[in-house]
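Residue numbers (our numbering), protein chains in the order written: chain A, 1 to 177; chain B, 1 to 335; chain C, 1 to 417.
Derived from the structure by calculation, the hints contain no laboratory data. Glycine residues also receive a C-beta, built at the ideal position from the N, C-alpha and C atoms. Please note that the accuracy of each hint is not assured.
Per the computed footprint, the stretches of chain C lying under chain B, defined by three or more beta-carbons under 8 Å from a beta-carbon of chain B, are [unchecked claim]:
1. 15-25
2. 44-58
3. 64-78
4. 84-98
5. 208-214
Distance condition first, Cα-Cα at most 25 Å in a straight line; then the derived SDA-like pairs of lysine to any residue [to be verified]:
6. C:K252 - A:E49
7. C:K43 - B:A120
8. B:K226 - B:N147
For each label pair, taking beta carbons as the anchor points, the in silico distance ranges come out as [said to hold, decoys possible]:
9. C:L334 - B:Q181: 46 to 56 Å
10. A:M97 - C:E383: 30 to 40 Å
11. C:F214 - B:P281: 43 to 53 Å
12. A:W96 - B:E145: 50 to 60 Å
13. A:E157 - C:N54: 32 to 42 Å
14. C:T401 - A:E157: 51 to 61 Å
15. C:E238 - A:Q67: 53 to 63 Å
16. C:Q337 - A:Q148: 51 to 61 Å
17. B:E145 - C:K43: 10 to 20 Å
18. C:E155 - B:E186: 55 to 65 Å
19. C:N54 - B:V230: 19 to 29 Å
20. B:N196 - C:E238: 52 to 62 Å
21. C:E182 - B:V230: 34 to 44 Å
22. B:K195 - C:W382: 46 to 56 Å
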Amino acid sequence: MVTAAELVASAAFRDGKVAQAFPSFGSERMGAPVTAFCRISTNSIRSREPVAHPNVLLILDSTLLHQMDVFRGLSDQGIVLMNSTRKVEELGLKVWMLQHPEVELYSFPASDLAERHLGRPIANVGMVSGFASITGALTKGSVQYAIQEKFPGKLGELNAQVASEAFDYVSSHPVQA
Amino acid sequence: MSYQRVKFYQTGTFTVGNRLLGEDDRTVQGRNDRTNSLNSGHRACQGCGEALGARYALDAVMRATHNQLVAVNATGCLEVFSSPYPESAWQIPWLHSLFGNAPAVASGVAAAIRAKGKTAIRVVAQGGDGATVDIGFGCLSGMFERNDDVLYICYDNEAYMNTGVQRSGSTPARAWTNTTQAVGPEPGNPMGVGKNLPRIAMAHGIPYVATASVADLHDLETKVTKAMSVRGARYIHIHVPCPLGWKSDPAQTIKVARLAVESGLFPLFEAEWGVVTDRTPIRKQVPVEQYLALQGRFKHLFNPRDEQALEVMQAMADRNIHLYDLLATEPALES
Amino acid sequence: MKQQIEGSQAVAHAVALCRPEVMACYPISPQTHIVETLSRKVKAGEIGNCQFLNVESEFGALSVLIGASAMGARTYTATTSQGLLFMAEALYNAAGLGLPIVMTIANRAVGAPINIWNDHSDSMAMRDAGWLQLFAEDNQEAVDLHIQAFRLAEELSCPVMVCMDGYILTHAFEAVDLPVQEQVDAFLPPFEPVQVLDPQDPVSIGAMVGPEAFAEVRYLAHHKHVQALEAIPRISQEFQEIFQRTSGGLLKQYHTDEAETLLLALGSVNGTIKDAVDDLRAEGWPVGAIQLCSFRPFPSQVLRHAVHNAKRIIVIEKDLAVGRGGIVSSEVKLALQGLPTLVDTVIAGLGGRAISKAAVIDTVKAACLEGLEEPHFLDLNWEAINQELTRQAEQRRSGPTPENLLREMGLSGGKIV
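Construct all of the structure, not just a fragment, from the sequences and the given hints.
As structure tokens, then:
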């Protein structure tokens, strides 16, 4: 989770932007829901408070959808990318979506993709690439660079493949609800 | 050092000395060029075992290290009587930090020496039983397990003497102190408490552990010198009577120390890497009562006689004699 | 060179360039990434002539450094919160002995109740131990202050703690301009001790000092802090000349010139405060902000000058003098005595509670329009507090307060009956 935020920040930095990423300050217990934040700007970022009103929400663990208020504070025109093998309409969010008609929801099987390439269902790289593809906030090249920087050697190559496939998948599957 | 067995039946002191030894084996105190690391003029009590032990130990280290020594001292009697403002009795580089951190501070000195590549300089840390067995125990254990190149010397007078005689983890069973008074159903320090630091040191598996006493100053010097011939964590536990806290005659400090050894209550031994390698045998076992009778801190055991306590303490001494094989007819000879 | 890097890693990088000779470290969240990185660097041979000791406690850590520093080595460690308090005795000892140790404090709340998140109660608890205390506003400044700290400490023979907000800065991943070895070497010469344990020239260090001279010794320690008031800006200036950026100093000012209302704070919250100031100014409020970098020494004169003609200064602090109120605000009040400026105490961010720009803006408006109670607790859940007070009044055995509060706030389940 923290890695995902850092990858976004690294890629944005590579794109010549200013980026700040940090983990949430909730309980550190293993297995507890973890949130990480990232701000991207063309100006300096001075704020230190958690992101209360995100423009974009990446949900790496969709089992949390009905356990906590994941959408709290999301901008009315926000974008949500969910890690799930289910389609958006199968996630039980019909009511919420009707209440927030301008929000764009995407669903994308990032864990599955990772499992195929890495043997482990780690969703971060896929989700970051998906985010880049949907929003255009990061260039594909920068995402790849950030991945290679973070993961050395073979692992970096495999993750780069995940990123590439994720990028293409999302752009060729308009999965918006 | 080679040993030659000589029988001397003499006065109650160790008059046997330098003349019979080879030049290199003579006590450093017998030389004009001795360093007097702990110089005269300090404020120790008359008959202080610790002052005696410290003087012998440190001068021996100075000889062994060609005067390349830094000493770290814990708070306590030695620190207080040796540095009475505005004077200092120390003629060597000396650092006093806190009560509970001498082992850690010494580890730091050793680390700086390594970082600067000045490895000819050696470090000795020293403290009383309070600083070693109680408050500094955590830091001591840390220094041991890291095997830092420090010789730690504990001067054990079996209580917190500097602060007015309070019980420590080294106070023997049934001894009076100001926090284990001679009142109630079990006067003095309870039975069955206390720590055996030499054996705890051994349990850390460090290169060298030894016990010594001011009753045998040659042996003390030899052990200190031997300790300095190796590198890594080393520990020497020196038994030092305190006339004030033990309520004994200042003129009898060495006699009291010898009785502790000869009764078996304070065994003299050495250990390397966690295993006992040598011990000083007892020529003739002395009943513990003879040792206890010279000290006012045990007087409540005699008036009226507490047979059970005396029996238990005798059993403790006998146990040591058995454990360290102190009465073997042939002394352990070095090959 | 600018790099996107975690705060802890950046600090470790900077410390390594300062050529430390002995480091003794004990792990505690949220400082762990700093000491882990330094441990790796030493083990991999990236820092020459350096010894890294894994010690048995924080008390052991600082004690090791006391010995090493007295032996003439440049020394460093990091800690926080409980660890800082555990070495409290050694803290006073190091300062009293005049040893130029540098230590990072990854600011964290002090328990009970146990809390691993950011506030300044740890550094504040030790504010009078004799250490110089510098607070970093962001990770760039955290990097820069460590380098300046070694200069400052060794120049004055006084230990320095560099304070950076735990998690908020230590675990923030942002762009930092990392210095190179040549720059640091040009700025920081080898350590030349004022006193040192040397067999060629023996001295006794740490002897008892009686009533005849103790006060004088303490005054001289105080004098070092007074000297630091001059040294800190000067070193910051020298830093600027070599590294080409402004960092450190006693305090910084943001739109203070025409401000009628000022905000003052230490550490990372200053970023959020500047955003708030911008928003308020856009609405027409004459607001400015002071970022206090040096807390010890406390720069009273410079502060008086910076406060200028402001009518009010709102001190936002992440600490609480229990039973009393503000710590920073008390010092500000003392510094400003004689001036008509009103000083408000805002206790905020305790135990890691986020301070939002919106809350800062609301507080400024409330202070100016209605006034604030003294002290003012930002974002406190008064309902939960009153419920707990009622419970305590109703029965003697009301149970542990934290558990009760968490239950009241719905953050933990009910009792299993």
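Consistency of the hints with the structure:
Counting residues of the segment 15-25 of chain C whose CB lies closer than 8 Å to any CB of chain B gives 3, which reaches the minimum of 3, so the coverage claim holds. With 8 residues having a Cβ less than 8 Å from any Cβ of chain B, the segment 44-58 of chain C passes the three-residue criterion, so the hint holds. Figure legend: the segment 64-78 of chain C, annotated as covered by chain B; annotation consistent (11 residues with Cβ-Cβ distances under 8 Å, at least 3 required). Only residues whose C-beta sits within less than 8 Å of a C-beta in chain B count toward coverage, and the segment 84-98 of chain C has 4 of them, enough to reach three; the restraint holds.
Using a Cβ-Cβ cut-off of 8 Å, 5 residues of the segment 208-214 of chain C lie near chain B, which meets the minimum of three, so the contact claim holds. Our distance criterion of 25 Å between C-alpha atoms is met by K252 of chain C and E49 of chain A, whose separation comes to about 21 Å. Proposed proximity of K43 of chain C and A120 of chain B is supported: the alpha carbons are some 24 Å apart, at most 25 Å. In summary, the hint linking K226 of chain B to N147 of chain B is supported, as the alpha carbons are separated by about 17 Å, within the 25 Å threshold.
In this structure the hint that L334 of chain C and Q181 of chain B lie 46 to 56 Å apart at CB holds, the actual value being about 50 Å. Between M97 of chain A and E383 of chain C the CB atoms are about 34 Å apart, so this pair conforms to the stated range of 30 to 40 Å. Restraint check, F214 of chain C to P281 of chain B: a C-beta distance of roughly 52 Å satisfies the suggested window 43 to 53 Å. For the pair W96 of chain A and E145 of chain B, the beta carbons lie near 57 Å from each other, so the given range of 50 to 60 Å is met.
Taking the beta carbon of each, E157 of chain A and N54 of chain C are about 35 Å apart, inside 32 to 42 Å as hinted. Remark: the range hint 51 to 61 Å for T401 of chain C to E157 of chain A is upheld by a beta-carbon distance near 54 Å. For E238 of chain C paired with Q67 of chain A, a C-beta distance near 55 Å keeps the hint of 53 to 63 Å intact. Look at Q337 of chain C against Q148 of chain A: about 59 Å separates their beta carbons, and that is inside 51 to 61 Å.
Distance hint check: the CB atoms of E145 of chain B and K43 of chain C are about 18 Å apart, consistent with the given range 10 to 20 Å. In this structure the supplied range 55 to 65 Å holds for E155 of chain C paired with E186 of chain B, their Cβ-Cβ distance being about 60 Å. The given range of 19 to 29 Å is respected by N54 of chain C and V230 of chain B, whose C-beta atoms sit roughly 23 Å from each other. About 57 Å separates the C-beta atoms of N196 of chain B and E238 of chain C, a value consistent with the hinted range of 52 to 62 Å.
A beta carbon spacing of about 42 Å between E182 of chain C and V230 of chain B agrees with the range 34 to 44 Å that was offered as a hint. In this structure, K195 of chain B and W382 of chain C meet the distance hint of 46 to 56 Å, their C-beta atoms being roughly 53 Å apart.
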